[in-house]
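Here the protein sequences line up with chains Y and E, keeping their order.
Each residue of the first sequence is one higher than the one before, counting from 0 in numbering that gives the first Met the number 0.
Each residue of the second sequence is one higher than the one before, counting from 0 in numbering that gives the first Met the number 0.
Hints in this document: simulated from the structure, not taken from any laboratory.
Computed from a predicted structure; not experimentally measured.
We put the CB at the ideal spot given by N, CA and C, even for glycine.
Some clues are possibly wrong.
Unchecked claim - Heads up, incomplete: computed chain E residues facing chain Y, CB under 8 angstroms, no partners named:
#, residue
1, Gly14
2, Val16
3, Pro20
4, Tyr23
5, Leu27
6, Arg54
7, Gln65
8, Tyr68
9, Phe109
10, Lys110
11, Ser161
12, Gln164
13, Glu195
14, Leu199
15, Arg205
Unchecked claim - Using 27 angstroms as the maximum straight-line C-alpha spacing, the simulated DSS-like pairs for lysine-lysine come out as follows:
#, chain 1, residue 1, chain 2, residue 2
16, E, Lys115, E, Lys148
17, Y, Lys110, Y, Lys148
18, Y, Lys77, Y, Lys110
19, Y, Lys115, Y, Lys77
20, Y, Lys213, E, Lys148
21, Y, Lys110, E, Lys115
22, Y, Lys213, E, Lys77
23, Y, Lys213, E, Lys115
24, E, Lys213, Y, Lys115
25, E, Lys213, Y, Lys148
26, E, Lys77, E, Lys115
27, E, Lys148, E, Lys110
28, E, Lys77, Y, Lys77
Read off the chains here:
Number of protein chains: 2
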Amino acid sequence: MSARGRKKDSGIPQGVVSRLPVYYRYLLELEEQGETRVSSAQLGEGLDFTAAQVRSDLSFFGSFGQQGYGYNVSDLLKQVRNILGLNRVYSMILIGAGNLGKAIASYENFKHMGFKIQAIFDVDTLLLGNHHAGCVIQPVWYLEEYVQKYPTDIAIIATPSSASQEVCDIVVRNGVASIWNFSPVHLNVPDHVLVEHMHLTDSLLRLSFRLNEKWRAEESS
Amino acid sequence: MSARGRKKDSGIPQGVVSRLPVYYRYLLELEEQGETRVSSAQLGEGLDFTAAQVRSDLSFFGSFGQQGYGYNVSDLLKQVRNILGLNRVYSMILIGAGNLGKAIASYENFKHMGFKIQAIFDVDTLLLGNHHAGCVIQPVWYLEEYVQKYPTDIAIIATPSSASQEVCDIVVRNGVASIWNFSPVHLNVPDHVLVEHMHLTDSLLRLSFRLNEKWRAEESS
Chain Y
0 MSARGRKKDS GIPQGVVSRL PVYYRYLLEL EEQGETRVSS AQLGEGLDFT
50 AAQVRSDLSF FGSFGQQGYG YNVSDLLKQV RNILGLNRVY SMILIGAGNL
100 GKAIASYENF KHMGFKIQAI FDVDTLLLGN HHAGCVIQPV WYLEEYVQKY
150 PTDIAIIATP SSASQEVCDI VVRNGVASIW NFSPVHLNVP DHVLVEHMHL
200 TDSLLRLSFR LNEKWRAEES S
Chain E
0 MSARGRKKDS GIPQGVVSRL PVYYRYLLEL EEQGETRVSS AQLGEGLDFT
50 AAQVRSDLSF FGSFGQQGYG YNVSDLLKQV RNILGLNRVY SMILIGAGNL
100 GKAIASYENF KHMGFKIQAI FDVDTLLLGN HHAGCVIQPV WYLEEYVQKY
150 PTDIAIIATP SSASQEVCDI VVRNGVASIW NFSPVHLNVP DHVLVEHMHL
200 TDSLLRLSFR LNEKWRAEES S
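Bound conformation, chain Y alone:
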């Protein structure tokens, strides 16, 4: 399962990896605001980490702030961008053109970062030939031929749960190295294939936790 059993090949702890996108978003905002430098204390305050945590996290990437200066925002952003692999373009395919699939394909943020959906597949014959987000929706029975023909970095699976393993098997046996899985089931893949499971529920559970924490605090005060 994606959230478990991840190999720590680079020696970078999972916690640091999971915080990287958060640093990225924050640095992007600072740059947009015209900030040129930032201290570990400011980064920490903005992100709800301690300054020591920030320094420790950033040291994994060989980035060290300067005493009395801090970090150069655009240098640090460039570095985080490179580490996240945002210095190249990714070819993606989307399987499943229901509401979720369509929402993913329409999500503007990915495109600007270099993630391009090249083809969309669906089993629903009523959708076939329709256009969405600049792609023609193709029959899923063309999927195997497509991935044999066109190098694909990431397959996005947004099918109903019952179909996701089958779809996964097709792309994996044709050399797709990574899967972004939106279906709420565990996918079985060989060790060399990466699966990132998008857990919508985790975010909602963090919210319900915080809401209960708030209610408990209000009751006891």
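Fit chain E to the given chain Y structure using the hints.
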């Protein structure tokens, strides 16, 4: 912003909070597989944490494994469920019935956990009166009246970015305490309102990081 500046009211570190849903999902799987007990080493292996990390995390909730026995799966699951606030029902409303909104409303996993969408609002007059996931889609100009009349725990915002702050202001000024934000913009809310921002991109960036890490490893071997 939701990912930043969170108050640590309960004294439970953010890292532990963010791992709670992961423990929850894993324990649920163990229970479904008929497992009755689990050691911190097994939990750690399944979740890619050290056994010490697991013991430390669980101790925040007053849960201590027994030497030579470990944890009772159903007891621990019950406890995590309570901490996450899954022992009650949440009334939610959804604003925005585009592809993303519809996908959220159709997501089966929430309902089983007690999160019920009671009403759906949209500005698109073509959608009005349609049914989706058991709710009638209502005009967004009924939103204020609705939240005044019906207690609402969580407002889900799935509108275009340009509309999300306005919608947020309406629900906040009528006492909605928490917002699950799917629009890719920062929402300004008073301190007492909780915002959980659903960052689809973070998950994709973790995948691109891991993919690049894999490519670098392959190149250097």
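Results for each hint:
The interface hint given for E:Gly14 holds, since its Cβ lies 6 angstroms from the closest Cβ of chain Y, which is under the 8 angstroms cut-off. For E:Val16, the interface hint holds, since its Cβ comes within 8 angstroms of a Cβ in chain Y; the closest pair sits about 6 angstroms apart. Of the supplied interface hints, the one on E:Pro20 holds, with its beta-carbon coming within about 4 angstroms of a beta-carbon of chain Y, less than 8 angstroms. Interface restraint check: E:Tyr23 against chain Y, minimum CB-CB distance 7 angstroms, threshold 8 angstroms, status holds.
Because the beta carbon of E:Leu27 sits about 11 angstroms from the nearest beta carbon in chain Y, more than 8 angstroms, this interface hint is broken. For E:Arg54, the shortest C-beta to C-beta distance to chain Y is roughly 17 angstroms, which exceeds 8 angstroms, and the interface hint is violated. Among the interface hints, the one on E:Gln65 is violated; its C-beta lies about 24 angstroms from the nearest C-beta in chain Y, farther than the 8 angstroms criterion. Interface hint status for E:Tyr68: violated, as the beta-carbon distance to the closest one in chain Y is roughly 23 angstroms, over 8 angstroms.
The beta carbon of E:Phe109 is positioned within 8 angstroms of a beta carbon in chain Y (closest approach about 6 angstroms), and the interface hint is therefore held. Below 8 angstroms, beta-carbon pairs count as interface contacts, and E:Lys110 has none with chain Y, the closest being about 11 angstroms; its hint is therefore violated. Checking E:Ser161 against chain Y: minimum C-beta separation of about 12 angstroms lies over 8 angstroms; hint violated. Because the smallest distance between the Cβ of E:Gln164 and any Cβ of chain Y comes to about 16 angstroms, over 8 angstroms, the interface hint for this residue is violated.
For E:Glu195, the suggested interface contact is upheld, since its CB lies about 4 angstroms from the closest CB of chain Y, less than 8 angstroms. This hint holds: E:Leu199 has a C-beta 6 angstroms from the nearest C-beta of chain Y, less than the 8 angstroms allowed. Look at E:Arg205: its Cβ gets to within about 6 angstroms of chain Y, closer than 8 angstroms, so that hint holds up. For the given pair, E:Lys115 sits about 17 angstroms from E:Lys148 by alpha-carbon distance, which is consistent with the 27 angstroms threshold.
Taking the CA atoms of Y:Lys110 and Y:Lys148, the gap is near 23 angstroms; set against the 27 angstroms cutoff, the hint holds. Only pairs whose Cα atoms come within 27 angstroms are accepted, and Y:Lys77 paired with Y:Lys110 is accepted, the gap being roughly 18 angstroms. A threshold of 27 angstroms between alpha carbons decides the hint, and for Y:Lys115 with Y:Lys77 the separation of about 21 angstroms falls inside it, so the pair holds. Our distance criterion of 27 angstroms between C-alpha atoms is met by Y:Lys213 and E:Lys148, whose separation comes to about 23 angstroms.
For the proposed pair Y:Lys110 and E:Lys115, the alpha carbon gap of about 33 angstroms is over 27 angstroms, so the pair is violated. A hinted pair counts as satisfied when its Cα atoms are at most 27 angstroms apart, and Y:Lys213 with E:Lys77 qualifies at roughly 20 angstroms. The suggested pairing of Y:Lys213 with E:Lys115 holds, with an alpha-carbon distance near 20 angstroms, which does not exceed 27 angstroms. Of the pairs offered as hints, the one joining E:Lys213 and Y:Lys115 holds, with about 20 angstroms between alpha carbons and a cut-off of 27 angstroms not exceeded.
Simply put, E:Lys213 and Y:Lys148 have alpha-carbon atoms about 23 angstroms apart, close enough for the 27 angstroms limit, and the pair holds. Pair hint E:Lys77 plus E:Lys115 holds up; C-alpha atoms about 21 angstroms apart against a cutoff of 27 angstroms. A threshold of 27 angstroms between alpha carbons decides the hint, and for E:Lys148 with E:Lys110 the separation of about 23 angstroms falls inside it, so the pair holds. Between the alpha carbons of E:Lys77 and Y:Lys77 the distance comes to roughly 45 angstroms, so the proposed pair goes past 27 angstroms and is violated.
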